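Each chain is listed here by its residues.
2 protein chains.
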Amino acid sequence: MGKVKVDHSLFCLPWTQTLLGTHLDGKINFMALDWLTRVNYSPAMLGICVNKMNASNKAIRETGEFSVNVPSEDMVEITDYCGIVSGSKVDKSGLFEVYYGELKAAPMIVSCPVNIECKVTQTLELPTNSFFVGEIMNVFSGEEYITDGKPDVEKMKPFLLTMPDNRFWSIGKNIGRAWKDGSRYRDKLKGG
Amino acid sequence: MGKVKVDHSLFCLPWTQTLLGTHLDGKINFMALDWLTRVNYSPAMLGICVNKMNASNKAIRETGEFSVNVPSEDMVEITDYCGIVSGSKVDKSGLFEVYYGELKAAPMIVSCPVNIECKVTQTLELPTNSFFVGEIMNVFSGEEYITDGKPDVEKMKPFLLTMPDNRFWSIGKNIGRAWKDGSRYRDKLKGG
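Residue numbers (the working numbering), protein chains in the order written: chain A, 16 to 207; chain B, 16 to 207.
Simulated from the structure, these hints should not be mistaken for laboratory data.
Heads up, some of the hints might be wrong.
Because identical chains share one entry, a pair is satisfied inside a single copy or across any pair of copies.
Dumping the calculated DSSO-like pairs for lysine-lysine here, alpha-carbon to alpha-carbon at most 30 angstroms [to be verified]:
(1) K134 - K170
(2) K203 - K188
(3) K188 - K18
(4) K67 - K119
(5) K172 - K119
The structure presented is a predicted model; accordingly, all values stated were derived computationally and were not measured.
Assemble the whole structure, with the sequences as input and the hints as a guide.
So, in structure tokens, the structure goes:
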């Protein structure tokens, strides 16, 4: 079978790269964020994982609010920069033009194709990280990224991170339709 | 600025497509799973979001164990099939050749390039979904997918899902290096 154990600190799934926006001691701050997922269908909720040593962890605790911003391929360098320098040492408040939705401490980046503002509803404390669950209050996008009323990944051009090889990846080709391609497989099973 | 509100039930980030493996009433079961993330650095922990109506939710409650399997591009149809039919109605136990690591109720799929076995440590109950946090006990990969000791995304060929357009995507080109490209930006800031 040829299966071998590999580093069990798995980072090898591609994660969509985002930028986490907070207010840190009253000042706008951003950090690179990869560990996040939807956690509830209705209402729409997003969960994000932030190391307890990160300044953003303290920021979210204080305000109970955050934004998730999805950068495009042409923002690789500035996004990675936000992951390299800590908000406790470097002022990142002037890096981006920002705007606000209905929350006061969830700054959103104008140049990112998609912006999400969240209000914390639960916090799960884990050994080294906090998992903040936030209700999605609003999602914003630029009109230029929208097709048929929905943000279009081919226009947004988000990018991915894999670890521990630490590489960024573009999104590739459309290779199928969900909730559709599986019905072909079902038909084959029935036919067989 | 041209920002508009879009469907706030955001699905538009690309998620890596996986297959969740469980034992349902003693029988092997799989479902398509997209909502998952790392939730702790050390020890390595993974969080997965499963709707309370899914048979897999009940399965994980009963056994406290699950597997996450990362299919490759050539498995689009069978993966999507696992998301279309419910384990409460259709027996999916014979779909894949499976193997086990150290857990008894975390069946892993031989044909998937990466398999992860997890033991539940916490469960966060949300309105429509449960968020199961599992400690990663082991990660397995086929030797043919490994480069320099690590699973290699270019060999694994995982794929992504975007919603609500419901499209599957391949991984594209390598467009940068994390914790490296940002230092170029830092140099520019210093230079300026």
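Legend entry - Index of numbered hints that the structure contradicts, given in increasing order: The structure conflicts with no hint, since it agrees with every one listed earlier.
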